[in-house]
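S.K.: One-letter residues, chain by chain:
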Amino acid sequence: MSREFVALAIMGIDQHENGAIAVARVLREAQMKVEYLGKFHTPASVADNAIKQDADVVGISCHSWEYMRLVPQLIEELRMRGSDIPVVIGGSVITPEDSEKMRQSGVAAVFTSSTDGNKLIECVRALSGSRKRSD
Amino acid sequence: MEMSTRSGIPLQRSYVAASGAAERPGEYPFTRGRLASPNTQTAWIQRELAGEGDGRRTNQQIRYLLEHGQTGIDVIGDAPTQSLLDPDHPLAREAVGTQGVSLCRKQDFLDLFKDVPFDQVSISSSAPAFFALSGLVLAAREVGFPLERLRGSVLHGPLYTEDCSYAWHLPVDFRVRLALDSIEYCSRHMPKFHAYLEDTYFFSESGLSPAEEMALGFVQLRHLVRKLIARGIAIDSFAPRIALLVNCGMDFFEEIAKIRATRRLYAKMMRDEFGASNPRSLSAAITSHTSGLSLTSQQPVNNVVRGTVQALALVLAGVQALEISTFDEAYRTPSKDAHIVALRTQQILELEAGVAKVLDPLGGSYFIERLTDQLEERIRARIDEIEAMGDPEALSARGFFREIFHQAMEDAQLGVEKGDVSLVGVNVHTMPEKDDTLLREVATAKIETWRGHTKKIEHFKRGRNTARLCDRLDAVAATVTASENLIPPVIEALDAAATIGEIVTTMRWALGMAPDIFDHPLPQREAGDQHVA
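Residue numbers (my numbering), protein chains in the order written: chain A, 28 to 162; chain B, 965 to 1497.
Simulated from the structure, these hints should not be mistaken for lab results.
Bear in mind the structure is a predicted one, so any value in this text is a computation, not a measurement.
A portion of the hints provided could be inaccurate.
Cut-off 30 Å, straight-line C-alpha distance, at most; resulting in silico cross-link-like pairs (DSS-like, lysine-lysine) [claimed, not checked]:
{"no.": "1", "chain 1": "A", "residue 1": "Lys146", "chain 2": "B", "residue 2": "Lys1398"}
{"no.": "2", "chain 1": "A", "residue 1": "Lys66", "chain 2": "B", "residue 2": "Lys1382"}
{"no.": "3", "chain 1": "A", "residue 1": "Lys146", "chain 2": "B", "residue 2": "Lys1410"}
{"no.": "4", "chain 1": "A", "residue 1": "Lys66", "chain 2": "A", "residue 2": "Lys79"}
{"no.": "5", "chain 1": "B", "residue 1": "Lys1419", "chain 2": "A", "residue 2": "Lys128"}
Taking CB as the label site, the calculated pair distances span [what the hints assert, rightly or not]:
{"no.": "6", "chain 1": "B", "residue 1": "Arg1027", "chain 2": "A", "residue 2": "Ser72", "range": "38 to 44 Å"}
{"no.": "7", "chain 1": "A", "residue 1": "Met107", "chain 2": "B", "residue 2": "Glu1341", "range": "55 to 61 Å"}
{"no.": "8", "chain 1": "B", "residue 1": "Phe1424", "chain 2": "A", "residue 2": "Met107", "range": "17 to 23 Å"}
We treat Cβ as the ideally placed atom computed from N, Cα and C, and that holds for glycine.
Just need the whole structure built from these sequences, with the hints factored in.
M.R.: Quick look at the structure:
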């Protein structure tokens, strides 16, 4: 089976990178391929990049409340382009209530600062695997 | 088991008297403190970071804090302001007013400082220095307060701005120029103002050790000092107004020793390397924030304790001003409740615990003195190592520092994951999410995006005298090319209703760069507009 490929990004002008960089390391150590797209993305630019590079999973790091509006827009942008790439999000600012809202808008998994590294890996692997099978 | 500090200095189980240098507070090399008798109304300036929504909203926050005994002001811009983007910029819209105050035009600064007693409190800004300074000058001018009496500070971190803070999307040499222009302007017009607060706080929040934090801070400080001297400005005309904003993490004794070592290093450097002779040029003023990075989203009430311990370390180290990162930091900029807890913490430390009654109360402790010496050595060695690599601006441009910050971010996370660093409530003594409720509701209360303010700015932009505005923007562009001081034309552009976003776009255009990362348009002259010189 080919390696899981995760595209990570930060949207809007949220510029706290600690989380994204830490998650990139955890996934790489689990032998996944990780492309950190960096900061200053719009929903459209993340969707374009993820599709062009054929990512298995898109991960968005959220450390400002911009994500509440931008993440649903990202899912819409992906689906508009006919892509079913699952979107996962993570960040310390995500409360349990907001996490529920995000799931309802189509986010495949939500991670917080309490999420265990192994659980994160397992979840990304499962999402990526189910997508590969349905290809 | 081997023990060490965060900077990796090995710890002994106990210490004996070292060489026993008889240093005194207020005397060279100032290890034990800047002044022999501090002259502030409180033992240190007690303030808390304020900023949300628009200028008016933040003005209310400031007044609330002043009414409750705060003795200084510090204002932080929202993410667009920190990034030099206007609220109506396509990338900025969702972040207006949520993590600080939105400041993009003269009126915002007037609203922000309305009825603030400039003669009684110092005004610090944690917003981009060049524009925070220009806005403050306009606000003082508006009420006829003389510039030469303004007290306060602005932060500079031009080498590291793009790497671990709010990127400005401006090249490093130009960021350095903006810093130098600000400092030079103040050295001429604002003798009581700390024109250069070397900001080691923001970049050390990547997770740097205390020794690494100060080494990188000194590399930048030394670079700017050399450049100012090269401009022909006498060291003793600007050095007395340099201050350092340092971080304070949880390694209690090391943080205290760090500040003592910093004062000693600074004094030696200013005297022996830069030839300063005014005693005020030799004694570093230190201001400080407790570490936001050390605070956790789990069990937010624990953050009150962390803030107290760090604040105690800072007071024992003899800082001139202090801000406590509040318990809701992991989620938001401080709420009213968080503000009052932090301010009261400072007041209790001073008035009840009385920990500032004696200067440098830990001076002479075998352990603290030894650790101070060791930190001085470590910091000095690291400065020399980095400076030997070449021009710091070139190092910055090629991503050398970015690598250091990214590595620190990884290492900090790894330390917590592996349990090398204990974080109560995160990797030890955790509790199930359903039980973790104390202060949670307060800590997670959201600030809605200030869309109304963005509409107001859009309306404002449509109603301006574009001829006068374009003339002033042209003057900014001409000054960029002419390499003269940019502060005066920028103040005049803001006065003619230009926005910060437009001024930065103009600067980028004059530098031959793309207008901005999203090609946001500049104002155009309208047909029939009167040309006002």
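S.K.: Each hint should be assessed against the structure and marked as holding or not.
M.R.: Results for each hint:
Distance hint between Lys146/A and Lys1398/B is fulfilled; the C-alpha atoms sit about 19 Å from each other, no more than 30 Å. The straight-line distance between the Cα atoms of Lys66/A and Lys1382/B is roughly 28 Å, inside the 30 Å bound, and the hint therefore holds. Taking the CA atoms of Lys146/A and Lys1410/B, the gap is about 28 Å. The hint holds against a cut of 30 Å. Simply put, Lys66/A and Lys79/A have alpha-carbon atoms about 18 Å apart, close enough for the 30 Å limit, and the pair holds.
A C-alpha spacing of about 27 Å is found between Lys1419/B and Lys128/A, which places the hinted pair at or below 30 Å, so the restraint holds. Between Arg1027/B and Ser72/A, the C-beta spacing of about 41 Å keeps the proposed range 38 to 44 Å intact. At about 60 Å, the CB distance of Met107/A to Glu1341/B agrees with the hint of 55 to 61 Å. For the pair Phe1424/B and Met107/A, the beta carbons lie near 34 Å from each other, so the given range of 17 to 23 Å is not met.
The structure shown violates just one earlier hint, number 8.
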